[in-house]
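Chemist: Given only the sequences and the hints, what does the whole structure look like? Please build it.
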Amino acid sequence: MQSQIFSAPTVPTKGAISIRDVTKIYDPDGAQVMAVDHCSMEIAPGEVCMIVGPSGCGKTTLLNAIAGFHSITEGEILLDGVPLCGPKHPLASQASDRIVVFQNGALFPWKTLAENVAYGPMVQRRWPKAECIERARAALKEAGLGNVADKYPGEVSSGMARRAEIVRALINEPKVLLLDEPYRAMDALTKQIMHEALLEMYDRTKVTIYFITHDLEEAIFLGDKVYVMTTRPCRVKKVIDIDLPRPRDYTTLTSEAFRLLVKEADEAVHEEALKAFQAGEREMA
Amino acid sequence: MSAVTALPSQAPAPRVFKRRSKFERAVSSPRFWRGIAGILAFLALWEFGAWAKAGLGLEIPFFGKLPAPSAVAAAAAEVVVQPGYWWSWVESYKRVLGGFVIAMILGIPFGLALAVNKYFRDVFFPPFEILRPIPPLAWVPASLIFWPTNEMSIIFVTFLGAFFTIVINVLGGARTIDVRYLRAAQSMGATQWHLFSRVILPGTLPSIFTGAAVGMGITWNVVLAAEMVSGGGSQAGGGLGFFIWSSYMGGSMEHIIVGMISIGIAGYLSSALIRVLGERVMPWRRAF
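Residue numbers (UniProt numbering), protein chains in the order written: chain H, 1 to 285; chain V, 1 to 288.
Since the hints were made in silico from the structure, they are not lab data.
Among the hints, a few may not be true.
As the list claims (entries may be wrong) - In silico lysine-lysine, BS3-like type, Cα no more than 30 Å apart, as pairs:
id, chain 1, residue 1, chain 2, residue 2
1, H, K151, V, K118
2, V, K18, H, K151
3, H, K88, V, K118
4, H, K191, H, K141
5, V, K22, H, K111
6, H, K111, V, K118
7, H, K238, H, K191
8, H, K225, H, K275
Unchecked claim - Derived list of chain V stretches under chain H, where covered just means 3 residues or more per stretch with a C-beta under 8 Å from a C-beta of chain H:
id, segment
9, 178 to 190
10, 200 to 211
11, 277 to 284
From the three backbone atoms N, C-alpha and C, an ideal C-beta is built for every residue, glycine too.
Modeler: As structure tokens, this is what we get:
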């Protein structure tokens, strides 16, 4: 048995996402709500890509399109040069090369953490059942969750549950990890610990990360690039390169470079947030 | 005296918390004793009400017509040694469990099929919804004609009482499983069968048990009424419903009340059984 559960290639080569001119219109025969408007992004293999934008702007729509939960109306999305969805197949297939970690967590409440982590390999029949469980335990142990492996999700804190969920995703060796505001409801102190744990897991796997958040500091602390999105319909407003050195820890948060990046991002986001807020008011009136 | 015990005691020994059983904890809690006090007060009031007519010459409405709890207890002591009384239990339980088990066996797959298959739902849900509001007792005359024996018609009506409730609960539970679980399972490579067996089924279990608990209550209602209507039929004792009915015909108020309390206990035991089963099958829902 290998000592490291997640092996990390030195230079990531897999997990490039190309979003090309993607448009999504909900209910095209009726209300015609345009959620995404000719949006393009190029995400390099192993990049941590943070998506920031006002509520309801269509960030999750893009995530759903990559994951294969929703179809797109126009454009195409490619993973490592292979089309996931495009004009011919508007709905991507769901496969374990792209795994989503949801906003409120989606660990199965009826399975223990170890059974949850073993679920993917088990349904894919990657290893015999006993080995799946054994590897799941080892993976949880490596993430600092060894002593709660046999607890049910309802018995552990939300921080532990979310960390276990990321372990559950990573054991499938996905090319892309899609995170939809995973730490939204957490307090600042827990969040900080979650960030460090995520960065640690990222350093080991170098998986491409598509991470949706409202929290600018979170975006800058974790990301290689921050995409600031416009209010609906969703387009890329600004791409900010985060050149903060890795590994990063809590001292990064107080550095001058970090503060300047927050300021730059804040200006772009604030403008969009204001637009979204006013648009919301008009809808109500 | 040995050297060990002669050692001077240093820091006080750490306080040891003894783990107590559920029963011990219940008995030591004031809530338990308040409950006991409530029951005793109720019995005392009843005893007084029943005694007031003879003792004070004052008839208290309702209570005055009742036999005193002491008289009921005396009647019960007399009744519980008769095998006929216990045959009533067996008869009623046979009918309740028979109808209930058949309702579970047919209702759970039917509800799941309604939930997961659109075509099945489109075809079978409308007739189901038309039949569902019909009270089970309205089926009694028809089923007496339809089924060859009384026993079969009672079990059929009992089955109906539980069936509709179970199906509705299973359908609702399976349809409201959070889409996140389905998506998570699918993105990890679950096949349709895995989705069903590892996500939809465990996700529906809580609703199945809710349906079973409610259905069990309805089953007792229906059995009792059906036993009264059909006269119970058999010679060995026609079940608890018939026990009450024949006590009424014989004019024995004490026995009527013994029968009522028996049904209360029987119903309680049935729902306790479902609760225990539920905790067994769904370990993640145990209270911690």
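Chemist: Now tell me if each hint is right for this structure.
Modeler: Hints versus structure:
With a C-alpha separation of about 36 Å, the suggested pairing of H/K151 with V/K118 is violated against the 30 Å cut-off. Of the supplied pair hints, the one linking V/K18 and H/K151 holds, its CA atoms being roughly 24 Å apart against a limit of 30 Å. In summary, the hint linking H/K88 to V/K118 is supported, as the alpha carbons are separated by about 26 Å, within the 30 Å threshold. A threshold of 30 Å between alpha carbons decides the hint, and for H/K191 with H/K141 the separation of about 20 Å falls inside it, so the pair holds.
Restraint check for V/K22 and H/K111: satisfied, since their Cα atoms lie roughly 26 Å apart, inside the 30 Å limit. A distance of roughly 28 Å separates the Cα atoms of H/K111 and V/K118; the hinted pair therefore holds under the 30 Å criterion. Only pairs whose Cα atoms come within 30 Å are accepted, and H/K238 paired with H/K191 is accepted, the gap being roughly 25 Å. A threshold of 30 Å between alpha carbons decides the hint, and for H/K225 with H/K275 the separation of about 23 Å falls inside it, so the pair holds.
Coverage of the segment 178 to 190 of chain V by chain H holds [criterion: at least 3 residues with CB-CB distance below 8 Å; count 11]. Note: the segment 200 to 211 of chain V has 3 residues with beta-carbon separation from chain H under 8 Å; the three-residue rule is met and the coverage holds. With a cut-off of 8 Å between beta carbons, the segment 277 to 284 of chain V has 3 residues touching chain H; three or more are needed, and the interface restraint holds.
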